[in-house]
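Peer 1: Start from the sequences, fold in the hints, and give me the full structure.
There are 2 protein chains.
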Amino acid sequence: MPRVYRGQDICPVARTMDIIGQRWTVLILRDLSRGMRRYSELLESLGGIPSNLLSERLKQLEADGIVTRVLYSEHPPRAEYELTEKGKALGPVIKAMYRWGTEWQPREEPAEARSR
Amino acid sequence: MPRVYRGQDICPVARTMDIIGQRWTVLILRDLSRGMRRYSELLESLGGIPSNLLSERLKQLEADGIVTRVLYSEHPPRAEYELTEKGKALGPVIKAMYRWGTEWQPREEPAEARSR
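Chains as they are written, first to last, in our numbering: chain A, 1 to 116; chain B, 1001 to 1116.
It cannot be assumed that every hint is accurate.
[Claimed, not checked] With a straight-line cut-off of 35 Å between C-alpha atoms, the simulated DSBU-like cross-links for lysine-lysine are: (1) A:Lys95 <-> B:Lys1059; (2) A:Lys86 <-> B:Lys1088; (3) B:Lys1095 <-> A:Lys59; (4) A:Lys95 <-> B:Lys1095; (5) A:Lys86 <-> B:Lys1095; (6) A:Lys88 <-> B:Lys1086; (7) A:Lys95 <-> B:Lys1088.
Keep in mind that the hints were calculated from the coordinates and are not lab data.
These numbers come from a predicted model, not from an experiment.
Peer 2: Quick look at the structure:
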């Protein structure tokens, strides 16, 4: 599998970023860790993600052992996604991001509100 | 400034990823938090990063209030980079990535070693 930081792979931070560093991946993990399981729920929550990109990211996360895909209906084929133990272990990373964003990066006011 | 996850900006995780989610940014922050200060040190440590990309990332981090740039020589102009309080506050994010990478994503053995 292609990795961005192969030359840095002695570093655990670089190895982590090679798994979660692609665009949207952390937000997919956020939603799965909140208990979302269905493709359609993820697609709706991640307003703006192209559907083929969500599908690609989920496949990569499955290949990396972060997510399992479980068929819950055969006709039509429907799957649910769940975090593995390895995926759940990313919880502290997401929580640390949540805390930093809350404390240090407030939501920007829309320009309209500011000009009033 | 363009943000990837603007539609998600109610979420602190998305706001954090909009600051640190670009390729190489986390590894630059890792090196600065280890005490590296000079452009040349960063360039060497981040073997493989194109120099113009490092320069662009540092400018963006400065614009985001994560890094300060201090001139330590005028002739020739030379600068050092330092984390601000806001930048240092990202420490727990990087530490959580370090722990996860150490525990869950071991370094892959080179193919040569495996075939022996």
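Peer 1: Straight-line Cα separation of A:Lys95 and B:Lys1095 no greater than 35 Å?
Peer 2: holds (12 Å)
Peer 1: Is it true that the CA of A:Lys95 sits at most 35 Å from the CA of B:Lys1059?
Peer 2: holds (27 Å)
Peer 1: Is A:Lys86 close enough to B:Lys1088, meaning Cα to Cα at most 35 Å?
Peer 2: Satisfied, since the Cα-Cα distance of roughly 27 Å is no more than 35 Å.
Peer 1: Would you check the hint for A:Lys86 and B:Lys1095, treating anything up to 35 Å between C-alpha atoms as holding?
Peer 2: holds (17 Å)
Peer 1: Is A:Lys88 within 35 Å of B:Lys1086, Cα to Cα?
Peer 2: Holds - the C-alpha atoms of B:Lys1086 and A:Lys88 are around 27 Å apart, at most 35 Å.
Peer 1: Could you grab the alpha-carbon distance between B:Lys1095 and A:Lys59 and see if it respects the 35 Å cut-off?
Peer 2: holds (27 Å)
Peer 1: Does the structure keep A:Lys95 and B:Lys1088 at a Cα separation of 35 Å or less?
Peer 2: holds (17 Å)
Violated hints for the displayed structure: none, as all numbered hints are satisfied.
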